[in-house]
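Just remember that my numbering sits 13 ahead of the position in the sequence shown, which is counted from 1.
These aren't lab readings, by the way, just hints derived from the structure by calculation. These numbers come from a predicted model, not from an experiment. Hints are supplied without guarantee of correctness; some may be wrong.
Stated by the list, open to error - Using C-beta positions, here's what the derived DEER-type ranges look like:
id : residue 1 : residue 2 : range
1  : A138      : V236      : 39 to 45 Å
2  : E134      : D96       : 28 to 34 Å
3  : D97       : V236      : 40 to 46 Å
4  : D97       : G159      : 43 to 49 Å
What the hints assert, rightly or not - Below, in silico cross-link-like pairs of lysine to aspartate or glutamate (EDC-like), each with a Cα-Cα straight-line distance of 20 Å or less:
id : residue 1 : residue 2
5  : K217      : E255
6  : K217      : E243
7  : K217      : D259
8  : K238      : D25
Don't be surprised by glycine CBs; every beta carbon is placed ideally from N, CA and C.
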Amino acid sequence: MPRRPSFDQVADAYDQVRPGYPDDAIDALVALAGLPRRGRVLEAGAGTGQLTVSLAERGYHVTAVEVGPNLAERLRQNVREYDDVTVVCARFEDAALPGRSFDLVTAATAFHWLDRQVAYERAAALLRPTGALGLIFNLHTNADHGYFAASEEIYARHAPQVLEPGTSAEQSNQGAWRNEIHATGLFGPVAFHSHPWGVTYSRKTYLQLLSTYSDHITLDPAVRKALFAEVGELIDRRFGGEVQKDYDALVVVAPVLPATEG
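Start from the sequences, fold in the hints, and give me the full structure.
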């Protein structure tokens, strides 16, 4: 089982700077899943609502499951204007949820933190016979804007065990996802959609973003302070106070198999 990171201790920064998902990717998630109008969605590991809000805006009924109490409270605040969103503070793997009730079970850059074997079985048990599992990830692609190569020396001196996020190899491997999902015997053919996009961060917001990454959270505070001081100075001195960060929003969708019914 993967070790879950301590995102809950940085809930405020997580809410402020973690990116959402481009409309094109969310539209592809909805279309590939065959999500009906006013359909019912179960979101695992909802964070502070980076995907939840977009689904609520589109008129779906969303049950958002988030294990961190601080993150869940932020999520409640972010969806308070939507009557059709329910926030459940619990682990997805053992949350009290009604079976065969959802048209889509989804996770947004969170599925890799779950106990995957349990999560697949749970998703299949929660889905209606016509439902689908739909995952979406913001993969770090980091086209060469110069900053990431320039920061390598700083990381090598202060925190060699931490790497600036490059391409997320595990999550970006479509063949591996297809094989893993097929091997469960619970889902049908896997479909993919990829949407490149990017965000420009100021020095302040980029350092806030780094503070929400699990490997940066676990650094010794003194090491993190020294690392961030040099990274911030680099951003100001060589890159005009900004970092351009490139993402690929990858959507992975598979229908639940009829054999899992009942």
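Going through the earlier hints one by one, which of them does the structure break, listed in rising order?
Structure breaks no hint.
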